[in-house]
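Visitor: Sequence:
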Amino acid sequence: MEGLKSHRYSFGRQLRWLTPIWSKTMMTENPCSQTALTSEQPFIDLRDRPSPDILRVLAIGSPQVVHFFVMTLFRYGYARPDEWSRPLPTINQGEVMQILTKRVNLFE
561 MEGLKSHRYS FGRQLRWLTP IWSKTMMTEN PCSQTALTSE QPFIDLRDRP
611 SPDILRVLAI GSPQVVHFFV MTLFRYGYAR PDEWSRPLPT INQGEVMQIL
661 TKRVNLFE
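Numbering of the sequence shown is given in the numbering used here, commencing with residue 561 and proceeding in unit increments.
Please note: incorrect hints may appear among the correct ones.
Claimed, not checked - Quick list of simulated restraints, FRET-style, between CB atoms:
1. G654 <-> I614: 26 to 32 Å
2. P612 <-> Q653: 35 to 41 Å
3. Q624 <-> L666: 17 to 23 Å
4. R635 <-> D613: 22 to 28 Å
5. D613 <-> G654: 32 to 38 Å
6. P623 <-> L666: 17 to 23 Å
7. N665 <-> S622: 29 to 35 Å
8. N665 <-> Q624: 31 to 37 Å
9. S645 <-> F667: 23 to 29 Å
10. P647 <-> L615: 30 to 36 Å
11. V625 <-> T661: 17 to 23 Å
12. L666 <-> R646: 27 to 33 Å
What the hints contain is simulated information worked out from the structure, not anything from laboratory work.
Cβ coordinates follow ideal geometry from the N, Cα and C atoms, glycine included.
Based on the sequences and whatever the hints tell you, model everything.
Guide: Put into structure tokens, the structure is as follows:
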């Protein structure tokens with residue numbers, strides 16, 4: 561987390577361009593009502609022992625954007641690329657999702 565504190569301003573400036581992706585994702589139809597998912601695309605079960613010290617970060621966008629975001633967080637010392645899930649297909653054509661699960665100690 562220390563790496564993020566020292567780069568807070570530049571990190572925010574670099575990620576500002578992701579806002580349209582987030583807005584687009586939030587305004588799409590409910591994916592649960594669509595049947596585009598096949599049995600080849602299994603659902604991810606995130607119900608593993610819920611805990612207040614678990615943080616999940618979702619990166620959703622084109623494969624290039626998601627890879628850039630993962631590598632940006634790595635450069636800032638927040639998470640290694642191998643800590644993220646593999647790129648998972650989303651309901652939108654040409655879009656992937658990667659998930660990072662981190663244990664966060666709130667009392668450091």
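Visitor: With reference to the structure, classify each hint as holding or not holding.
Guide: Hint by hint, here is what the structure shows:
no. : hint                      : result
1   : G654 <-> I614: 26 to 32 Å : holds, 30 Å
2   : P612 <-> Q653: 35 to 41 Å : holds, 37 Å
3   : Q624 <-> L666: 17 to 23 Å : violated, 34 Å
4   : R635 <-> D613: 22 to 28 Å : holds, 25 Å
5   : D613 <-> G654: 32 to 38 Å : holds, 35 Å
6   : P623 <-> L666: 17 to 23 Å : violated, 33 Å
7   : N665 <-> S622: 29 to 35 Å : holds, 33 Å
8   : N665 <-> Q624: 31 to 37 Å : holds, 33 Å
9   : S645 <-> F667: 23 to 29 Å : holds, 28 Å
10  : P647 <-> L615: 30 to 36 Å : violated, 20 Å
11  : V625 <-> T661: 17 to 23 Å : holds, 20 Å
12  : L666 <-> R646: 27 to 33 Å : holds, 29 Å
Of the numbered hints stated above, those contradicted by the structure are hints 3, 6, 10, listed in ascending order.
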